[in-house]
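Peer 1: Residue-level listing of the chains:
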Amino acid sequence: MLHYLIEKEFKQFFRNTFLPRLVISLPFMAILIFPLVANYDVKNFNLSIVDSDKSPYSGELVRKIESSGYYRITDVSATFDDALKSIERHESDILLEIPVHFEKELVREGKATVLISSNTVNGMKGGLGSAYLSSIVADFNSEIRSELMQVSRGRQVPAIEIVPMYKFNPQLSYKVYMIPAIMIMILALVCGYLPALNIVGEKESGTFEQMNVTPVSKIHFILAKLIPYWVVGFVVLTISFFAAWLFYGFLPVGSFVTLYVFSSLFVLAISGFGLVVSNYASTIQQAIFMIFFFVLTFIFMSGLYTPVASMPEWAQAISAFSPLKYIIMVFRLVYLKGSTVHDLLVPFAALSGFAIFFNSWAIMSYHKKN
Amino acid sequence: MKQSLPTDIVLSAENLTKKFGSFTAVDSISFEVRKGEIFGFLGANGAGKTTAMRMLTGLSNASSGKGTVAGYDINTQSEQIKKTIGYMSQKFALYDDLKVWENIRLFAGIYGVPAKEIAPRTDRLLRQLDFEKERNTLVKSLPLGWKQKLAFSVAIFHEPSIVFLDEPTGGVDPAARRTFWEMIYQAADRGITVFVTTHYMDEAEYCNRVSIMVDGKIEALDTPGNLKKQFNAQSMDEVFHQLARKSTRKAD
Amino acid sequence: MKQFLVFIRKEYYHISRDTWTMVILLLLPIVMLVLFGFMMSTEVKNTKFAIYDPSRDVATQGITNKLAMSTYFSFSGYLDSPDQIEKVFRSGDIGLVVVFGERMYESMMHTGDAQLQLVADGSDPNTASTLTMYATSMIVQYQQELTGDLKIPYRITPEVKFLYNPTLKGSYNFVPGVMGMILMLICAMMTSVSIAREKELGTMEVLLVSPMRPVQIILSKVVPYFFISVINLATILLVSVFVLGMPINGSLCLLIFLSLLFIFVSLALGLLISSAVDKQMVALLVSALVLILPVMMLSGMMFPIENMPAVLRWLSELIPAKWYMIAIKKIMIQGLGFSSVIKEVAVLSAMALLLITASIKRFKYRLE
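Chains as they are written, first to last, in our numbering: chain A, 1 to 370; chain B, 1001 to 1252; chain C, 2001 to 2368.
Hints listed in this document are in silico derivations from the structure and should not be mistaken for laboratory results.
Please note: incorrect hints may appear among the correct ones.
What the hints assert, rightly or not - If you want the footprint, here are the derived chain A segments under chain C, 3+ residues with CB under 8 angstroms:
hint, segment
1, 25–39
2, 87–97
3, 110–123
4, 127–139
5, 164–174
6, 296–302
7, 323–337
What the hints assert, rightly or not - Chain A stretches covered by chain B per the calculated footprint, using a threshold of three residues with CB under 8 angstroms from any CB of chain B:
hint, segment
8, 1–11
9, 212–222
To be verified - With a straight-line Cα cutoff of 20 angstroms, these simulated EDC-like cross-link-like pairs (lysine to aspartate or glutamate) come out:
hint, chain 1, residue 1, chain 2, residue 2
10, B, Lys1147, B, Glu1132
11, A, Lys85, A, Asp51
12, A, Lys11, B, Asp1096
13, B, Lys1229, B, Glu1205
14, C, Lys2161, A, Asp82
15, C, Lys2343, C, Glu2317
16, C, Lys2161, A, Asp51
17, A, Lys104, A, Glu60
18, C, Lys2279, A, Glu202
19, B, Lys1140, A, Glu209
20, B, Lys1116, A, Glu7
21, C, Lys2066, C, Asp2053
22, B, Lys1217, B, Asp1237
23, B, Lys1140, A, Glu204
24, C, Lys2343, A, Glu91
25, A, Lys104, C, Glu2159
26, A, Lys111, A, Asp51
27, C, Lys2161, A, Asp81
28, A, Lys11, B, Glu1134
29, A, Lys167, C, Asp2053
30, A, Lys11, B, Asp1097
31, A, Lys203, B, Asp1097
32, A, Lys43, C, Glu2306
33, A, Lys218, B, Glu1079
34, B, Lys1140, C, Glu2200
35, C, Lys2279, A, Glu204
36, B, Lys1099, A, Glu202
37, A, Lys54, A, Asp75
38, B, Lys1140, A, Glu202
39, B, Lys1147, B, Asp1130
40, C, Lys2343, A, Glu88
Predicted model, so just to flag it, every value in this text is computed and none were measured.
For each residue, glycine too, the CB sits at the ideal point set by N, CA and C.
Let the sequences and hints guide you as you build the complete structure.
Peer 2: This is the structure:
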């Protein structure tokens, strides 16, 4: 009996003018466009310079900053107040003031200051911008120092050379961080939300009730709804893997098997969630609102682009309830670090838990009779 | 497991009641339907017809009372009942985005018609309906009257012992309604019991027996001829109006 | 006028009787605001770090303690060999490994060639660079404490000042964006869906044959949503200020004026959409694709516009929420006056005018 129902779902799916195209084009479009939009690389700061010293050293410092590639000098002002105006006009993000007698003080008294003021309305950007700037100043400082020391032949200064190194993503590219998450978003759409909307659609058109007076059991009805979307979901996932390789040459360090295993778990969980929604919603509009609300919540709790570790404690506690959090974490770990199932026991347990929880809830809230 | 009922009783209800909170939608109705009969289930909108039918088809649980359909208990054996009945709702819920033959195949498959028989029986049905040209048409592009005929044919394709029709002829012209009733007679001749709700009183005349529900209760039950005599009326329409006047419940 | 009020009352009944919609209209803004405000934080706090320390001397102890004491880091443990670095990163909860050289203290004080490696998990690039930045500055600080202020000659001290948001709260950036998104969602989406519903049910025809003028009918659909938006605006502002601790440094009047202007733009957009579609479902999808998605993606609320390719940057100029957000940040956080937001006001007014004219024209055309 099941195969008649599955056959029907596939026929309906492929007869739909919109869905098959969506399913094929979505992974390509999303993986091509989304990383361009969701590019959180912090660089290209607009810098306003107030050089009140106008000495060789101050000029050298400005040149050094400019050649770092992070800063574009968009404003040169005579006074601090003028420079502040340029920040207010959003012409610059950061302001560097080199005070009068900068060079003189540095050479004669052995110390000098520069002032960095950054617009931190966007805390991330402002914080990083001023931190990069400070480190460029520090670099400049040590160059100047060795230059001056050679002249004065002073003794060695105690120093530690700090060498930063970025594992897994040496270029610090934001793309490789976002792409695994995008794959998950697409998978959730195909395997979680589409079947839910499909079931609610049958409720609206009356065919759901027709099915209820037939001998079709609820487990068959639900399986017949889910299996086609599972199949399509894995096709879409595979297309996503392919697109990531095609556009960015991006391949997982870990194994595809791990990815597919965890995806299956996640698909079980998210389609269970979809079923719960479809049990409570009686119109498509309601279902869309519910999905919109929960998906938004899941996404923001998932650490999709703001790290879970940055959230306040209570929010971190809540984020433990987002299945997306675990699967996005797994995808990033496997893609970037090559983690294996052995490293991922916690998400494995969590996702299994979600799968059991949502599906039991779905079965309990499903009433063929009322 | 069949119970020891008289074999010609296909459906029985005994004090069947459905309450929604403090509102009693169906108030202790009792009646029987015999094999091969066309049983008209009449009532104004909101009288409780659809609710009663939903209980009999296993879509809804009874608050109290008993009932059997094809020998099975509606309270405990609704899944068995579903195998032996056919159902056609007001919305004649076929799948709009499936073709004619695909709808037939789907429902035949669901009701367990053996796979080998489906194709030849589909051919025969389409010939009978003179539908052969429409075999590959999507149901959504069929005219309303055709959809209704198809929905009815699908509902009896698996030869159920009883078929429930919920206002099957809404919204079509008298000619289409006539041909539809011819199909109902043919089905009844084959021994399929027909349980039909309608609010067209001329259709009530076509039934073997009718019951009329008012405010959740069955107020009258007999052959159309006897009812007209009893209420001293010219037509079923008059009978119905005399009864409906008693109603205190507002139609929705 | 009296008829007009009757129509508005009818509209009000529609909305207030649909419990679900009502809950969503009033609750969604609050929930979203709280979620965004608290969860969308990019602040680095208590990131776990591990140490590989073959020296175990004063200097390495000092640096380890300094990092562990800070609010940014929390100490997770020592590694036995550098081989373990990969492994600890793979389970995913360690953000930074500090690898000390041998005999740190000695080489630091005497030969001046001490080496230390900061290995960060680069998978999240911004967190990684923030972490190394913080760790570097703390190590430098330690070094200064150790050697004493006077010993280093020729020192340039950068004095860093954070303008407007000294504690670098993430919510300052996100809340204005959420305000824009919520107002857009409610005004545009709800209006377009409710008009599409009347069309779908056929009740629009009934209204149109009544003696009311089409413009009045349209207005009567819009007015209730305008009021709901105003209520939402009030709750949003209250939650932002009292729950999320957002400041209102500029003029409240100006803030409200700009918000009302933005609400007009959104309502006009909703009308335009509804004049083009006949089905609720389509109205929903169009609203989601044309309004919500671009607002989230291209308004600069989540992702910096300056990093996008030129085509997307131009597109972002067309998004009303972007202009609203910029203006709101200027007023609420930077405390700037009217003269600083003239450009934004001008752009939004132009959009409002254009959209209202276009949607009225379309409606007339469709009705005739």
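Peer 1: Taking each numbered hint in turn, which are not upheld by the structure, reported in ascending numerical order?
Peer 2: Hint check: nothing fails, all pass.
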